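A.B. asks: Each chain, letter by letter, is given below.
Protein chains: 2
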Amino acid sequence: MDTSKTDIFIKMAIDSWNTQNSRLSKLAETLTDEEMLNQIAPGKNTGVYLIGHLIAVNDGMLPLLGFGEKMFPEMEEPFLKNPDKIGWQKEIIGELKEKLQAVNNKLSQGIAAITTQGWLQRHTAVSETDFAKEPHRNKLNIIINRTNHMSYHLGQIALLKTRAQ
Amino acid sequence: MDTSKTDIFIKMAIDSWNTQNSRLSKLAETLTDEEMLNQIAPGKNTGVYLIGHLIAVNDGMLPLLGFGEKMFPEMEEPFLKNPDKIGWQKEIIGELKEKLQAVNNKLSQGIAAITTQGWLQRHTAVSETDFAKEPHRNKLNIIINRTNHMSYHLGQIALLKTRAQ
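Chains as they are written, first to last, in the working numbering: chain A, 2 to 166; chain B, 2 to 166.
The list cannot tell twin chains apart, which means a pair is met if one copy fits it or any two copies do.
Here are the simulated BS3-like pairs of lysine-lysine, each with C-alpha atoms no more than 25 Å apart in a straight line:
1) 86 <-> 98
2) 86 <-> 162
3) 45 <-> 86
4) 45 <-> 27
5) 6 <-> 134
6) 98 <-> 27
7) 82 <-> 107
8) 98 <-> 162
9) 107 <-> 12
10) 27 <-> 91
11) 162 <-> 45
12) 107 <-> 27
Simulated from the structure, these hints should not be mistaken for laboratory data. Fair warning: this is a prediction, and the values are worked out from it, not measured in the lab.
Extracted from the complex, chain A is given alone in its bound form (with noise of 0.2 Å):
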């Protein structure tokens, strides 16, 4: 019963997390050239760098969750450490979309093999000595605000979609 219950709340946060995900995948799909290129609001972040910053903190997920090394160390510079830039090129979409997908599949992978009392477990960016004091630093908990992140950010990059003429 209570390992019954504890599956209910996993399903609850990675249900919430694949919902959200999907939704970047499917806007990054139908999102054009153009509108990739165009800031979402007036001398804000563009559709590039936010669909860029978001594989970023995805890719970092997967040491975080021990799922093994980011693959895309590269994108830390421009999406993660640096803010925006003036000029992208629209070669650069292609191959977002591309590495957009390639890290959730690895995501999905590591989702999709991790076990229970694996979510409990700590996540690698946290000490054993505090995680003993908070046991809250779970893996679990880096999927719940990472949920919440990507949401914020989607809020976002939905603004790029039917953009009032």
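Dock chain B against the given chain A, drawing on the hints supplied.
C.D. replies: Relative to the frame of chain A, chain B by itself:
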């Protein structure tokens, strides 16, 4: 041990809700009247509409979670059932800020009082029959889903601040 696991999950979901809801309150406090009346991007929703929308959604959580009736049912028509409109008057802004605080105070009281077992109970919009088949449609799931919904709009409302000239 298993009860404590359940408590850890509940803490994760509530912490996440509290973080996003505090961000909303702080943003609402710091936005000037002019920023609130602005659109988040050309042709998109205004700050007034999005803050009103989130108040209406938070208000709807009260009956869903069994915390009582809606405090502001009059918010439903303009902020849930209808899209944004042109020409909000700035007089509404003070009223929105008060309603946001009031509904969040009542939500916080409810959240503080609900038991571990209470979070696992069905929310009031799911039937007993459906809940028997889908036990993840519990009260904590409302918190998880509404946290993502809030993050989505927070990312948009944040665009109203420090708008590039």
